[in-house]
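**Q** In the order they appear, the protein sequences are chains H and R. Adding 132 to a residue's 1-based position in the first sequence gives its number in the numbering used here. Adding 15 to a residue's 1-based position in the second sequence gives its number in the numbering used here.
The hints are simulated quantities; they were obtained by calculation from the structure and are not laboratory data. Every value quoted in this text rests on a predicted model; they were computed, and no experiment measured them. Where is the CB? At the ideal position from N, CA and C, for every residue including glycine. Mixed in with the good hints there might be a few duds.
A few chain R residues that don't get close to chain H, going by computed Cβ distances all over 10 Å [what the hints assert, rightly or not]: (1) L18; (2) P74; (3) R232.
As a list, the in silico EDC-like pairs of lysine to aspartate or glutamate whose alpha-carbon atoms are at most 20 Å apart [stated by the list, open to error]: (4) K237(R) with E322(R); (5) K209(R) with D157(H); (6) K277(R) with E138(R); (7) K209(R) with D162(H); (8) K171(H) with E295(H); (9) K24(R) with D39(R); (10) K296(H) with E140(H); (11) K286(H) with E97(R).
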Amino acid sequence: MEQVEYFEVECTEPTGGAYYRRIADVVLLDHNLIRAIKKLHIFIDPAVPIFVAAGVTKKLPGIVHLRDFAEVTATEQKITISIGDETYLAPLLQILWAQYGKESVDQPDRFTIILSVEGQSMETIENLPVFDPSESIYKDLIYALMVIQPEGFKVRRQWYGKEKFYLVASEDTLPEDVEELVREKFALMGESL
Amino acid sequence: MNLVPVTYKGGIYRHDEIIDLIEDLGGYIIQKHVLAQEVVLQALVPKDDIGLIAAIGKPLMGEITPSPLVGTEIAVVTMSLEIHHLPHASCDVAEYIRRFGAKTNMVGLARGFGKRIAQMNDEERDVINEHDLAVYLLGDFETCIEQKFQVLRRGINIPIVVCGGPDKETLQRIIDPPVDGYVGNVGRFMHRTKESEELDKLDEVVDEITRVLDRRREEIAKDPPSVSPARLMDIINEQVEEIHDVLSPTPVTVQMTGLRVKLPYDSYAPVLREIPVEEGVTMGEIADIMPSRMRDYILIRIRPFSETNIMV
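If we strip away everything but chain H, and leave its shape as in the complex, we get (with noise of 0.2 Å):
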C-alpha cells in the first residue's frame, strides 16, 4: 500500500483491525485497485455493528471519444468508420445501434463500420462519448469494499463521484444521520464530502 498516500484502519478491537488491514491490502492489489485510490479510510465497530470505508480516488482517465480510437471519412450517402482498437468496439456499436437502428450500421468486417446516413457531419460522430472508464472503476472499488467488509453486514449504502466514494455497511438498518459518521471520516484524511 505504498503508493496509497493515505490509509488506515481504524477499529475498536486492535487485532481484528490489523487483519482488516491485511485483508484490505490484499483485495485492492488483487482487484488492481491500488493504482486508483489516492486515500482510504476504514472504520469498523463490531460491537455497533458497523463498517465505513471512505476514499479519494487518483485522477481518472476521461472519457473515450469515437476520435480517440477510429478514423471518420464521409461521403454524401454515408459515413465510413474505421476502427484502430477493437477495446471500445462493442458499446461503440450499442450507441449507434440506439441511434441510427441496426439498419443503418453495417458492419462488413471486424474494423470497419458502414452508417448509411445523410446529412450528418463528421465532427458529430468523431465527438460521440463512447465510454466512461471512471463509472466501471468507481463499480470496481464499490464491488472491492463489498469483498472487504465482514460479510454479514448485507444493509448497505454506497455513494461515488468527484473523485470520492464511500460505503457505509451493517447488519442493522442504517441510521438517518449516518453521512455525519462519514463526513467525520472524511475529515481525518484532511477531505471533505
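Use these hints to put chain R onto chain H, whose structure you have.
**A** Chain R in isolation, oriented as in the chain H frame:
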C-alpha cells in the same frame, strides 16, 4: 492388537506387495491414491510391525510416516461459501488437515455470517453431528464470536475445535461453556497461506485436532465398539459388490466409531443389516444402520461392547 494410523508413500512398482503385507499383518488399508508413478496408502497397521513394513518398503522407495488423523472424518465448518471465506481460509485449513490422513468435508452454512443474524438449521446441525470432530472457522472480531458462537454450537454433540482471529486466551475467555480445542490467530484472511509462520499456524490446527481426537480415542477405548470400523469396511468391500461401482473417492468412509457408506439407504440398508460379520453375528446386531443426512448415504454407528456384549 494395537493398530496405529500411518501413511505409506512409495513407487507404484510392486506396491501390491505392501498392501498384501499390511493385510496379512492384520492391518487395514483405509484409502489408496495412485498419482502417476507414486502410490499413497493410508492405513491402520499393528504398532509392532511398522519397522517390518518400513524395511520391506525400503527397496521399493517407500517410506512410512505416522498420520494421526487416518480413519477420522472431520467437518470443516465455514460461515458461508462466499468469496469472503473461500478459498482462504476455509480451503487452506480443509486441505491441510487432509494431508494428515483425515477425510474432511466442508460444511458451508447457509446463514452463518454476521453477528446478530447468524443461524444454523437442523440439516446443517445433523450433518455436522455425523462427523468425528468439527473445526469451526470463525472471523476476526471477538465481539462477533462471543455472540454468534452460542447459536452455531447449539445441538452439536461432537468435539469442537474453534479457530478465530483473536488469540487463544481471548477465545478461551469469550467461549462459555468451553469447547474442546482452540486455535487463535486463524481468522478471516484473503491470501494464500504459504509463509512459514502461516504454515506453523496450520500445524497448530492439526496439533489441536490430534490432541482432541487422542482424548476421544482414550474415551472410546474404555468402552470400545463391538467391531473395528476398519474391519467393517473390509467386510463391506468384500461382500457388497456394488460398492466398487461408486465413483466417490472414498465409497466407504471410516470414522472413529462408525462408517459412512455411499450407497442409497432404501435399497442397501436391509442388505447391510444381514451381512454376517462373523459366524452367527450380523451387522444389524452390532451396529445401527441409519440414513445419513448427507445425500441418500448410509450412516453406520457401531454399538459399544457394553450394549451388545459381543466383541468381534
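**Q** Compare the structure with each hint and give your call.
**A** Right, here's what the structure says about each hint:
1. L18: holds (42 Å)
2. P74: holds (47 Å)
3. R232: holds (34 Å)
4. K237(R) with E322(R): With a Cα-Cα distance of about 13 Å, the restraint between K237(R) and E322(R) holds, given a limit of 20 Å.
5. K209(R) with D157(H): Roughly 17 Å separates the two Cα atoms, so the pair holds.
6. K277(R) with E138(R): holds (18 Å)
7. K209(R) with D162(H): Given that 20 Å is the threshold and the Cα spacing comes to 17 Å, the pair holds.
8. K171(H) with E295(H): holds (10 Å)
9. K24(R) with D39(R): holds (19 Å)
10. K296(H) with E140(H): Given pair K296(H), E140(H) holds - Cα atoms ~16 Å apart, limit 20 Å.
11. K286(H) with E97(R): OK: K286(H) and E97(R) at ~13 Å, within 20 Å.
Hint violations for this structure: none, all hints satisfied.
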